[in-house]
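From just these sequences and the hints, can you work out the full model?
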Amino acid sequence: WESINARPLPAWYDDVKVGIFIHWGVFSVPSYQTEWFWQSWGEYILCRYIYHSLFSIGPENTNNSFMALFFLDRFLLLILIIYLKASTPSRGIVRFRPRK
1 WESINARPLP AWYDDVKVGI FIHWGVFSVP SYQTEWFWQS WGEYILCRYI YHSLFSIGPE
61 NTNNSFMALF FLDRFLLLIL IIYLKASTPS RGIVRFRPRK
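Under the UniProt record's numbering, the sequence shown is numbered contiguously, ending at residue 100.
In short, the hints are calculated from the structure, not lab data.
Be a bit skeptical, because a hint or two may be false.
Using C-beta positions, here's what the derived DEER-type ranges look like [said to hold, decoys possible]:
| # | residue 1 | residue 2 | range |
| --- | --- | --- | --- |
| 1 | Glu2 | Ser65 | 30 to 38 angstroms |
| 2 | Ile79 | Val26 | 16 to 24 angstroms |
| 3 | Pro10 | Ala68 | 46 to 54 angstroms |
| 4 | Ala6 | Ala68 | 53 to 61 angstroms |
| 5 | Phe75 | Glu2 | 22 to 30 angstroms |
| 6 | Leu84 | Asn64 | 24 to 32 angstroms |
In this text, all values refer to a predicted model and were calculated from it rather than measured experimentally.
Virtual Cβ for every residue (Gly too), placed ideally from N, Cα, C.
What follows is the structure, encoded as structure tokens:
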């Protein structure tokens with residue numbers, strides 16, 4: 001750490017805003033935890049996963065059943081772009097590249 005701490009910071013560093021990175025996909029449908037939610041799905045190791053899985057989602061649901069609930073037409077892209085442009089790093093660019 002000494003070698004890292006010895007390096008000078010760029011002049012712009014103290015004035016720059018923090019960046020934003022968004023993961024958005026079928027894993028967003030349960031609206032619980034992160035995209036790593038599926039790693040613990042079916043294992044039922046942690047109490048919070050048990051509670052959320054059984055009482056909110058149901059044990060019969062799978063990733064495929066959430067695909068039917070993932071609606072792109074309800075995604076308000078313009079609102080998100082306006083929000084992100086107001087809060088993105090001053091040296092960054094907001095890009096939207098949908099998958100084909």
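Consistency of the hints with the structure:
Restraint check, Glu2 to Ser65: a C-beta distance of roughly 53 angstroms breaks the suggested window 30 to 38 angstroms. Distance hint check for Ile79 and Val26: the Cβ-Cβ separation is about 21 angstroms, which falls inside the suggested range of 16 to 24 angstroms. Between Pro10 and Ala68, the C-beta spacing of about 48 angstroms keeps the proposed range 46 to 54 angstroms intact. For Ala6 and Ala68, the Cβ-Cβ distance of about 55 angstroms falls inside the hinted range of 53 to 61 angstroms, so the restraint holds.
Taking the beta carbon of each, Phe75 and Glu2 are about 47 angstroms apart, not inside 22 to 30 angstroms as hinted. At about 30 angstroms, the beta-carbon gap between Leu84 and Asn64 stays in the expected band of 24 to 32 angstroms.
Against the hints set out earlier in the document, violations occur for numbers 1, 5.
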